[in-house]
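For the record, the sequence lines run as chains A and B. Position 155 of the first sequence, counting from 1, maps to 159 under this note's numbering, and the rest follow consecutively. Position 59 of the second sequence, counting from 1, maps to 103 under this note's numbering, and the rest follow consecutively.
These are computed hints drawn from the structure, not numbers from a lab. Hints are not guaranteed to be accurate.
With the C-beta cut set under 7 Å, the calculated list includes, among others, these residues of chain B facing chain A [unchecked claim]:
(1) Tyr52
(2) Cys53
(3) Glu54
(4) Ser58
(5) Phe62
(6) His106
(7) Gly109
(8) Ala115
(9) Val119
Every residue gets a Cβ at the ideal spot worked out from N, C-alpha and C, and that includes glycine.
Each chain, written out:
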Amino acid sequence: MADQAMAIRKAPLAGLRGGSHAAILTPAAPASRISLRAAKDAVPALSAALGVTLPLRPKTSASSGKRHALWLGPDEWLVIDEDGADLMAAAASSGALHSAVDVSHRNTAVIVSGPGAEVAINSGCPQDLSLGLFPVGACSRTVLGKAEIVLFRTSEDTFRLECWRSFSPFVFGLLSEGAEDAAH
Amino acid sequence: MLLIYCPYCEEERSELEFRNAGDAHIARPTNIAEITDEEFEAYFFLRDNPKGVIFERWRHIHGCGRFFNAARDTVSDRFLTTYQAGEPKPDLNAQPKTSATLETYDEALEGAAQ
Numbered sequence: 005m006a007d008q009a010m011a012i013r014k015a016p017l018a019g020l021r022g023g024s025h026a027a028i029l030t031p032a033a034p035a036s037r038i039s040l041r042a043a044k045d046a047v048p049a050l051s052a053a054l055g056v057t058l059p060l061r062p063k064t065s066a067s068s069g070k071r072h073a074l075w076l077g078p079d080e081w082l083v084i085d086e087d088g089a090d091l092m093a094a095a096a097s098s099g100a101l102h103s104a105v106d107v108s109h110r111n112t113a114v115i116v117s118g119p120g121a122e123v124a125i126n127s128g129c130p131q132d133l134s135l136g137l138f139p140v141g142a143c144s145r146t147v148l149g150k151a152e153i154v155l156f157r158t159s160e161d162t163f164r165l166e167c168w169r170s171f172s173p174f175v176f177g178l179l180s181e182g183a184e185d186a187a188h
Numbered sequence: 045m046l047l048i049y050c051p052y053c054e055e056e057r058s059e060l061e062f063r064n065a066g067d068a069h070i071a072r073p074t075n076i077a078e079i080t081d082e083e084f085e086a087y088f089f090l091r092d093n094p095k096g097v098i099f100e101r102w103r104h105i106h107g108c109g110r111f112f113n114a115a116r117d118t119v120s121d122r123f124l125t126t127y128q129a130g131e132p133k134p135d136l137n138a139q140p141k142t143s144a145t146l147e148t149y150d151e152a153l154e155g156a157a158q
C-alpha cells in the first residue's frame, strides 16, 4: 500500500529575511483574520463579542492584547488576532447582523521596522507616513506598487503591512529594494 | 501627483487609490419598461463630455472602497469639490466645503499649520 501523502501548510514568505540596517523586514507569524462588514447599529454587539471596540473614525484602529480591529471603510473592518483565535466564532456569537469572511490564509503580513521604515514603504506607497498624519495606531488600505496593502503602524518605527499572499513575493521584493534605498 | 479629497476618509489621498466611475447624477427612469428606445439610448448611452466642469462618480477603490461624487474641471483636471454619494449637486459658486486640492507639499504644510 502506498504511503499516505501528507500536505504540509507552507507560509508564503517562510524563511525570508530582508531589508537593511535602516529598515528590517520580517515575515509576520501566522494569524487569524476576518474581513468584517456591518452597519452601525451592529457595532456595539460585535465589539462586545470580539472583545475589541470597532473604531468608527477613518484611519483609526483599536487593539486589545494581540487582537486588532482596523477601520478600512465606513462599514468595513479588518480584525486580526495574532494568537490565531477563532474570530469567526466570536463574531457569530454577537447575534447581530453582519458579514464576516475568514481571510486568515488570503492575507500574509510583513513587519517593517527601523528608522527607515517610512522611507522603505514610501518607495511604493503614496501615503504621507509622517507621525503627524499617520500616528501610532493609524491604519489604512492603500497601494504598494501594483499591490493593494493594509498598512498598520504599531509603533513609531514599526509597521505591519498586510497583503494578499499571491502578491507577497512582489511586496517583499519591492520592500527589500526600498529598505536598501532607505539605508543610503 | 493629483491629490483627491475622499469625503469618507476625510483626507486627501493620491490619485493612485482612486478609479473614475463615469458621470454622476444620472437618474434611472422609473418607468423603464415604457420608455422608447430613443429615450433609453439617451439615458443609457449618451453623455455630454463637456469642456469645463463635470460631475463624476469616483471610487476610493484602494482605500475605503466607497463611491462618491466629484466636480472636476476637464480642462485643468482640478477637483473643485467632492461630496458623499446621495448628496445633491453642490453650488460651486458657494464656498467649497472641502479644502482645495493642494498641488505642492508647501501648500500642504501651510494647510496643516492652520
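Going through the hints against the structure:
no. : hint   : verdict
1   : Tyr52  : holds, 6 Å
2   : Cys53  : holds, 5 Å
3   : Glu54  : holds, 5 Å
4   : Ser58  : holds, 3 Å
5   : Phe62  : violated, 10 Å
6   : His106 : holds, 5 Å
7   : Gly109 : holds, 5 Å
8   : Ala115 : violated, 22 Å
9   : Val119 : violated, 25 Å
Consistency with the previously given hints fails for numbers 5, 8, 9, ordered from lowest to highest.
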